[in-house]
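Engineer: Residue numbers (our numbering), protein chains in the order written: chain A, 1 to 215; chain B, 1 to 215; chain C, 1 to 221; chain D, 1 to 221.
Please keep in mind that the hints were generated in silico from the structure rather than gathered at the bench.
Owing to the predicted nature of the structure, the values given are computational and were not obtained by experimental measurement.
Misleading hints may appear alongside valid ones.
Result set (BS3-like, lysine-lysine): computed pairs, CA atoms no more than 25 Å apart in a straight line [said to hold, decoys possible]:
(1) 67(D) <-> 95(D)
(2) 46(D) <-> 67(D)
(3) 95(D) <-> 46(D)
(4) 95(D) <-> 73(D)
(5) 3(A) <-> 150(A)
(6) 155(A) <-> 140(A)
(7) 72(A) <-> 67(D)
(8) 72(B) <-> 67(C)
(9) 73(D) <-> 72(A)
(10) 46(C) <-> 95(C)
(11) 73(C) <-> 72(B)
Label-pair restraints from in silico Cβ distances [as the list claims (entries may be wrong)]:
(12) 19(A) <-> 142(D): 26 to 36 Å
(13) 132(D) <-> 153(A): 26 to 36 Å
(14) 20(B) <-> 202(D): 17 to 27 Å
(15) 35(A) <-> 18(B): 52 to 62 Å
All C-beta atoms, glycine included, are put in the ideal place defined by N, C-alpha and C.
Below, each chain spelled out in residue letters.
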Amino acid sequence: MQKRTREEMAARVARDIPDGSYVNLGIGLPTLVANFLPTDREIVLHSENGILGMGPAPVRGAEDYDLTNASKKPVTALAGAAFFHQADSFAMMRGGHLDICVLGAFQVSEKGDLANWHTGAPDAIPAVGGAMDLAIGAKKTFVMMEHLTKDGQSKLVALCSYPLTGRSCVARVYTDLAVVDIDAEGFSVIEVIPELDFAELVRLSGVALRDARPA
Amino acid sequence: MQKRTREEMAARVARDIPDGSYVNLGIGLPTLVANFLPTDREIVLHSENGILGMGPAPVRGAEDYDLTNASKKPVTALAGAAFFHQADSFAMMRGGHLDICVLGAFQVSEKGDLANWHTGAPDAIPAVGGAMDLAIGAKKTFVMMEHLTKDGQSKLVALCSYPLTGRSCVARVYTDLAVVDIDAEGFSVIEVIPELDFAELVRLSGVALRDARPA
Amino acid sequence: MINKIAPSIESAVADIRDGSTVLVGGFGNAGMPFALIDALIAQGAKDLVIVSNNAGNADHGLAALLKTGRVRKVVCSFPRQVDSWVFDSLYHAGKIELELVPQGNLAERMRAAGAGIGAFFCPTGVGTELAGDRETREINGRMYVLEYPIRGDVALIKAHRADRWGNLVYRKTARNFGPIMAMAAATTIVEVDEVVELGALDPENIVTPGIYVQRVVPMTA
Amino acid sequence: MINKIAPSIESAVADIRDGSTVLVGGFGNAGMPFALIDALIAQGAKDLVIVSNNAGNADHGLAALLKTGRVRKVVCSFPRQVDSWVFDSLYHAGKIELELVPQGNLAERMRAAGAGIGAFFCPTGVGTELAGDRETREINGRMYVLEYPIRGDVALIKAHRADRWGNLVYRKTARNFGPIMAMAAATTIVEVDEVVELGALDPENIVTPGIYVQRVVPMTA
Numbered sequence: 001m002q003k004r005t006r007e008e009m010a011a012r013v014a015r016d017i018p019d020g021s022y023v024n025l026g027i028g029l030p031t032l033v034a035n036f037l038p039t040d041r042e043i044v045l046h047s048e049n050g051i052l053g054m055g056p057a058p059v060r061g062a063e064d065y066d067l068t069n070a071s072k073k074p075v076t077a078l079a080g081a082a083f084f085h086q087a088d089s090f091a092m093m094r095g096g097h098l099d100i101c102v103l104g105a106f107q108v109s110e111k112g113d114l115a116n117w118h119t120g121a122p123d124a125i126p127a128v129g130g131a132m133d134l135a136i137g138a139k140k141t142f143v144m145m146e147h148l149t150k151d152g153q154s155k156l157v158a159l160c161s162y163p164l165t166g167r168s169c170v171a172r173v174y175t176d177l178a179v180v181d182i183d184a185e186g187f188s189v190i191e192v193i194p195e196l197d198f199a200e201l202v203r204l205s206g207v208a209l210r211d212a213r214p215a
Numbered sequence: 001m002q003k004r005t006r007e008e009m010a011a012r013v014a015r016d017i018p019d020g021s022y023v024n025l026g027i028g029l030p031t032l033v034a035n036f037l038p039t040d041r042e043i044v045l046h047s048e049n050g051i052l053g054m055g056p057a058p059v060r061g062a063e064d065y066d067l068t069n070a071s072k073k074p075v076t077a078l079a080g081a082a083f084f085h086q087a088d089s090f091a092m093m094r095g096g097h098l099d100i101c102v103l104g105a106f107q108v109s110e111k112g113d114l115a116n117w118h119t120g121a122p123d124a125i126p127a128v129g130g131a132m133d134l135a136i137g138a139k140k141t142f143v144m145m146e147h148l149t150k151d152g153q154s155k156l157v158a159l160c161s162y163p164l165t166g167r168s169c170v171a172r173v174y175t176d177l178a179v180v181d182i183d184a185e186g187f188s189v190i191e192v193i194p195e196l197d198f199a200e201l202v203r204l205s206g207v208a209l210r211d212a213r214p215a
Numbered sequence: 001m002i003n004k005i006a007p008s009i010e011s012a013v014a015d016i017r018d019g020s021t022v023l024v025g026g027f028g029n030a031g032m033p034f035a036l037i038d039a040l041i042a043q044g045a046k047d048l049v050i051v052s053n054n055a056g057n058a059d060h061g062l063a064a065l066l067k068t069g070r071v072r073k074v075v076c077s078f079p080r081q082v083d084s085w086v087f088d089s090l091y092h093a094g095k096i097e098l099e100l101v102p103q104g105n106l107a108e109r110m111r112a113a114g115a116g117i118g119a120f121f122c123p124t125g126v127g128t129e130l131a132g133d134r135e136t137r138e139i140n141g142r143m144y145v146l147e148y149p150i151r152g153d154v155a156l157i158k159a160h161r162a163d164r165w166g167n168l169v170y171r172k173t174a175r176n177f178g179p180i181m182a183m184a185a186a187t188t189i190v191e192v193d194e195v196v197e198l199g200a201l202d203p204e205n206i207v208t209p210g211i212y213v214q215r216v217v218p219m220t221a
Numbered sequence: 001m002i003n004k005i006a007p008s009i010e011s012a013v014a015d016i017r018d019g020s021t022v023l024v025g026g027f028g029n030a031g032m033p034f035a036l037i038d039a040l041i042a043q044g045a046k047d048l049v050i051v052s053n054n055a056g057n058a059d060h061g062l063a064a065l066l067k068t069g070r071v072r073k074v075v076c077s078f079p080r081q082v083d084s085w086v087f088d089s090l091y092h093a094g095k096i097e098l099e100l101v102p103q104g105n106l107a108e109r110m111r112a113a114g115a116g117i118g119a120f121f122c123p124t125g126v127g128t129e130l131a132g133d134r135e136t137r138e139i140n141g142r143m144y145v146l147e148y149p150i151r152g153d154v155a156l157i158k159a160h161r162a163d164r165w166g167n168l169v170y171r172k173t174a175r176n177f178g179p180i181m182a183m184a185a186a187t188t189i190v191e192v193d194e195v196v197e198l199g200a201l202d203p204e205n206i207v208t209p210g211i212y213v214q215r216v217v218p219m220t221a
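Using the sequences and the hints given, assemble the complete structure.
Structural biologist: See the structure below:
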């Protein structure tokens, strides 16, 4: 079984982002999606530190450390970009104006609960940033993550064991094995990678999954 | 007895506005204060429709109807002026950033309650604008009004009979007869016009007044 | 490609439905979207709730819309003006409903709608009849009234310049309610003096980012 | 005459008292007021509460201030970073208190302080441990948590240009928390790349009006 690579996952997410969307790509894995946005679509990227219309990393030597993304890495501003302060930036997110945000996750529950900010380990220093605002703010919250932890535990769960980032907020999960929608009835699989059959996906996931793949 | 004219009242208020103050002058009588601000002081005028650093009326022919004051009359912008939207403008007021606002009034009570937006007459169309925001927002709210109504009723009252604009918000009242501070103990007169003795002021006012004039 | 420039003003307002709540920009005439209001009159939607600072001046703009009898209710801070005769006569005839809101509450309630705030404790209006029977609370020794967001189905606003992404800049105090109405409405329609190339507006100076704008109608067309 | 340009950076921070709540601008290093922080370190105030998005990077700026041991508590959204070793070791040693606040709540709570809002029902953090035991309420079918303003005794921020009235413009994403911290603090002190003549900043483009600024420290002096 050939799992999807990080790049293949990113490309798969990118395919589902319509022309004209306002999108926030969370730190970590989701950042990769920017590299795969179809060039025939105009998609406006939001970064919560205060920019709409964020462009790619600058060429070497052209870095401006007053123009960074949420990971504090230098970026560029496209024609049409706008800068704004933090309350205005989060108003965009919390007010439901972003079409899509893509977040990484530790766990997603069948109710759409998201856990991605804290492992809950007693000695870990917690850090949340804009994750909780993003999770509940966008019109659609997509999650992009490996399907299983390093030791084979499913990250799709009946109930999150890690501290929550947001409740009932995830609309769709893209993993290295499948694409899974979440609605009132729980997980519903709309795509599985080749070479993996549905029964095996269910076994690996250890949660109830409906088969909603197009015939 | 020579009552203070409207201009004299305005000049008297202007005298009490320190250099460097941020000030909102309400519509009506308080607008006159702008004409009497001492020229050796730099005072920044706020108008709630979205400007700090408002200047005087333009010369004839130079009117710009995109640059108006709260009375919708053309004004100018001084060097150092800034424009902003309504939520930002009222944040300045409600957040306690203005040093002084000067408002007209129908009545002021000994507790500092202000009535200036509505006579309560059943057929009158009520209109409030920014009066309630101004009344409670500035660090100090000054009132500027005639001491008596046209039929001789005192506008300083024990309890307002007109609908309130704000509670316990007036710090000082400038009338055509006196200057009156308001504190926890009620009205305290700090100035009376010449030719009017204190007893007569009390009689005209019909409320308890302390004599707090400098010896 | 993103192109929010509407093909015509008629198309820009075509889908405004009967019963809509319409946020209308302007402080008096400054920032009033006259062309969009005329287009709305021609379009014919009725039973409207209008949220605006004033209730119309003279016989044009908002006053002309009121005169059609298609406005059920006005939510505003200052209806009574020397030239508000259209509103005045409708009001006295009992033909229009008025909800009077202090100007700062009007602004902050629309901003709250745009920013996802569920409700807020507000210092303005405490102890006045405009607080009605709303919930009050003492916080840190000060009294507040609980105020709720005002959302619009549509906002009609005026700006100075726009690009095809819908980024806006305004002109002087005509900015007034434009930026917050754009945040608070599901569909924001803007009339502008001029459309400029994408990138011509300095990203430092954009007042309303295009995310809040759905349709732009140039007045130079 | 209004002249907010401070005679020296030392004089600008001289009256910051022990026990103050200090809002410190910046998102990582962008917008971080390094010179003002160094001046605060030299000034010596202790027992401080710092409100900032992060808890310091490497050994300079906010990290250097933490290292002095004069910070009692940090209120921030994202302390843990690859180069936050100063905070990390203080935290693990139990020598500093942390209040973790979602970034949007941090921003909105400071904005609320500046705007006179007593408290607000906030959509972020509902059902998470960061909501703690705060009051919750369902409004229009959605759950909210009640959040309170964050006020500063002092804000230390960085801007790009200022005039003698304290009007400010920023540079790109270094704007971040500057404008809202300026609103939320009793005394706002700004370091700027450049001071320009009064009137040189276009009134359409001023981001922080001078009313929110008490002292300006030019870095070019």
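Engineer: Look at each hint and say if it fits the structure.
Structural biologist: The hints, checked one at a time:
1. For the hint linking residue 67(D) to residue 95(D), the alpha-carbon distance of about 11 Å falls within 25 Å, and the restraint holds.
2. Restraint check for residue 46(D) and residue 67(D): satisfied, since their Cα atoms lie roughly 12 Å apart, inside the 25 Å limit.
3. As the CA atoms of residue 95(D) and residue 46(D) are separated by approximately 14 Å, the hinted pair is consistent with the 25 Å bound.
4. Pair hint residue 95(D) plus residue 73(D) holds up; C-alpha atoms about 9 Å apart against a cutoff of 25 Å.
5. Among the hinted pairs, residue 3(A) with residue 150(A) is consistent with the structure: their alpha-carbon atoms are about 14 Å apart, no more than 25 Å.
6. Taken as a hint, the residue 155(A) and residue 140(A) pair is honoured in the structure, with Cα atoms around 20 Å apart against an allowance of 25 Å.
7. Taken as a hint, the residue 72(A) and residue 67(D) pair is honoured in the structure, with Cα atoms around 22 Å apart against an allowance of 25 Å.
8. Under the criterion of a C-alpha separation no larger than 25 Å, the hint pairing residue 72(B) with residue 67(C) is consistent with the structure, at around 22 Å.
9. For the proposed pair residue 73(D) and residue 72(A), the alpha carbon gap of about 24 Å is at most 25 Å, so the pair holds.
10. Restraint check for residue 46(C) and residue 95(C): satisfied, since their Cα atoms lie roughly 14 Å apart, inside the 25 Å limit.
11. About 24 Å separates the Cα atoms of residue 73(C) and residue 72(B), which keeps this hinted pair within 25 Å; it holds.
12. Evaluation of the 26 to 36 Å hint for residue 19(A) and residue 142(D) yields a pass: the beta carbon distance comes to about 30 Å.
13. Between residue 132(D) and residue 153(A) the beta carbons are some 29 Å apart, a value that agrees with the proposed interval 26 to 36 Å.
14. Roughly 23 Å separates the CB atoms of residue 20(B) and residue 202(D), a value that falls within the hinted 17 to 27 Å.
15. Distance hint check for residue 35(A) and residue 18(B): the Cβ-Cβ separation is about 58 Å, which falls inside the suggested range of 52 to 62 Å.
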